[in-house]
Amino acid sequence: MSNPQQLRYSKEHEWLSGAEDGVSTVGITEHAANALGDVVFVQLPEVGDTVTAGESCGELESTKSVSDLYAPVTGEITAVNQDVVDDPSLVNSAPFEGGWLFKVRITDEPADLLSADEYTAFTAG
Amino acid sequence: MGRNDLARHALGDDRPMSSTELRHTALDALHRSLGATMTDFAGWDMPLRYGSERDEHLAVRTKAGLFDLSHMGEITVTGPEAAALLNFALVGNIASVGVGRARYTMICQADGGILDDLIVYRLAETEYMVVANASNAQVVLDALTERAAGFDAEVRDDRDAYALIAVQGPESPGILKSLTDADLDGLKYYAGLPGTVAGVPALIARTGYTGEDGFELFVKPEHAVELWQALTKAGEGVGLVPCGLSCRDTLRLEAGMPLYGHELTTSLTPFDAGLGRVVKFEKEGDFVGREALTEAAAKAEANPPRVLVGLIAEGRRVPRAGYAVVAGGEVIGEVTSGAPSPTLGKPIAMAYVDAAHAAPGTEGVGVDIRGSHEPYEVVALPFYKRQK
Chain A
1 MSNPQQLRYS KEHEWLSGAE DGVSTVGITE HAANALGDVV FVQLPEVGDT VTAGESCGEL
61 ESTKSVSDLY APVTGEITAV NQDVVDDPSL VNSAPFEGGW LFKVRITDEP ADLLSADEYT
121 AFTAG
Chain B
126 MGRNDLARHA LGDDRPMSST ELRHTALDAL HRSLGATMTD FAGWDMPLRY GSERDEHLAV
186 RTKAGLFDLS HMGEITVTGP EAAALLNFAL VGNIASVGVG RARYTMICQA DGGILDDLIV
246 YRLAETEYMV VANASNAQVV LDALTERAAG FDAEVRDDRD AYALIAVQGP ESPGILKSLT
306 DADLDGLKYY AGLPGTVAGV PALIARTGYT GEDGFELFVK PEHAVELWQA LTKAGEGVGL
366 VPCGLSCRDT LRLEAGMPLY GHELTTSLTP FDAGLGRVVK FEKEGDFVGR EALTEAAAKA
426 EANPPRVLVG LIAEGRRVPR AGYAVVAGGE VIGEVTSGAP SPTLGKPIAM AYVDAAHAAP
486 GTEGVGVDIR GSHEPYEVVA LPFYKRQK
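Protein chains in written order, with my numbering: chain A, 1 to 125; chain B, 126 to 513.
Take these hints with a grain of salt, some might be off.
[Stated by the list, open to error] Listed below are several chain B residues computed to face chain A (Cβ distance under 10 Å; list not exhaustive):
{"#": "1", "residue": "Thr164"}
{"#": "2", "residue": "Asp170"}
{"#": "3", "residue": "Arg174"}
{"#": "4", "residue": "Asp180"}
{"#": "5", "residue": "Tyr314"}
{"#": "6", "residue": "Leu318"}
{"#": "7", "residue": "Ser371"}
{"#": "8", "residue": "Gly440"}
{"#": "9", "residue": "Ile494"}
[Said to hold, decoys possible] Chain A regions said to be covered by chain B (calculated; three or more residues, Cβ under 8 Å):
{"#": "10", "stretch": "32-42"}
{"#": "11", "stretch": "62-73"}
No lab work stands behind these hints, which were simulated from the structure alone.
All C-beta atoms in this analysis are idealised placements derived from N, C-alpha and C, irrespective of residue type, glycine included.
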């Protein structure tokens with residue numbers, strides 16, 4: 001699998017797009033989606049919620065388990081992907097595209113976000 | 126997503142990682158070449174899934190699936206008193222099983238607690254094969270060996286003597302027929318006969334753990350790869366796919382079949398588990414647990430303990446083993462197994478609940494899912510029964 005070069009990544013396996021008008025898109029990586037298996041339920045924050053980098057802001061449920069969704073940055077939620085709520089399998093089939101989870105207006109971001117190459121090395125280890 | 130979460134997911138199993146070396150089946154290299162996600166299951170490195178576990182599940186329900194079950198524990202019991210020994214050691218009437226037939230049964234402690242659930246195949250007049258769960262194989266072997274004292278019978282550890290490959294699903298008879306001359310039409314459910322499949326000597330059993338028609342093939346480990354490849358080729362045109370343990374778990378859950386460590390434990394008797402029918406008091410002679418089980422049967426009749434029921438979610442959040450079942454703010458039971466059901470398209474669970482809330486259709490029952498009480502419908506098991 002390849003991690004798109006234009007994205008940045010958290011060690012919790014979220015990806016973050018470059019900001020457009022201060023708003024970035026967030027999803028989970030293909031590596032994470034593969035490790036989870038078939039995703040069957042997605043609980044996302046609501047538009048207007050404030051999320052905090054490194055803190056839980058939702059849930060991803062797969063056949064075998066449930067795990068927290070962590071916010072990779074701090075900011076305000078401006079949109080959530082209703083398509084992925086209706087069809088959670090998008091997280092597996094298109095993690096970097098149609099399976100995006102939410103958009104966030106960033107007010108603060110941690111210093112340890114990874115580049116694509118750094119994330120690839122991180123998950124290989 | 127947390128890193129620890131991922132590590133746990135990759136395990137795919139709720140038991141802690143064993144510090145000892147994992148065991149590998151004869152098909153290990155083949156699984157890796159197929160890109161399987163592997164998992165530690167009872168000390169064995171087993172395929173969890175090859176691709177989508179949902180697709181694997183649906184293939185078994187509608188076409189066919191191929192499983193490596195070589196982790197299962199085979200124990201051979203032979204000798205003039207093999208039948209008498211098994212009648213003493215197990216709760217079923219094993220002496221009454223005909224040659225070439227199989228029986229689902231249990232082995233219990235003296236206090237009636239379930240040590241394991243088993244399938245026993247009668248291979249010959251004085252030869253049986255007992256198949257135990259991987260996690261309990263040593264316990265069963267030790268118990269049978271101890272209980273064999275005084276019987277003219279031998280208990281043999283044959284765990285390494287067999288690989289076990291299962292073909293399950295409606296297309297499985299056709300697939301197998303193309304590879305064997307054995308009389309499959311004459312082979313009934315819960316029967317087994319020796320034969321040759323794809324040129325490989327095999328014990329062909331019509332058993333499984335999926336709720337579908339299907340076969341389990343016990344072969345020598347050195348023949349496993351050859352047989353797997355022949356079955357794969359024979360199933361190519363009819364949708365056979367390799368299947369991992371993840372879909373095996375959702376298949377058995379839909380079929381209402383218990384899993385040891387979840388619905389069955391040493392703190393439950395077969396009567397507690399709603400499986401009192403496997404205990405045969407009418408058989409001749411004493412058997413381990415008879416006295417305690419007689420009491421358990423009477424208690425189950427007069428004052429039913431918690432009852433094993435099915436739960437179907439109205440929402441989409443999935444109940445997991447250990448979650449509390451609630452009604453009117455009170456805890457009335459506990460989930461033992463739960464998963465999203467590919468067939469029903471909803472989360473399902475098996476749970477032990479107080480008898481007062483166990484009737485199908487009981488109102489107001491929910492599951493506490495991380496603090497939120499999600500509504501559930503109480504149903505009779507199984508969730509899924511195949512059309513014959």
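Against the structure, the hints come out as follows:
no.: 1; hint: Thr164; in the structure: holds (9 Å)
no.: 2; hint: Asp170; in the structure: violated (17 Å)
no.: 3; hint: Arg174; in the structure: holds (6 Å)
no.: 4; hint: Asp180; in the structure: holds (8 Å)
no.: 5; hint: Tyr314; in the structure: violated (28 Å)
no.: 6; hint: Leu318; in the structure: violated (35 Å)
no.: 7; hint: Ser371; in the structure: holds (6 Å)
no.: 8; hint: Gly440; in the structure: holds (9 Å)
no.: 9; hint: Ile494; in the structure: holds (9 Å)
no.: 10; hint: 32-42; in the structure: holds (count 8)
no.: 11; hint: 62-73; in the structure: holds (count 9)
In this structure, the hints that do not hold are numbers 2, 5 and 6, in rising order.
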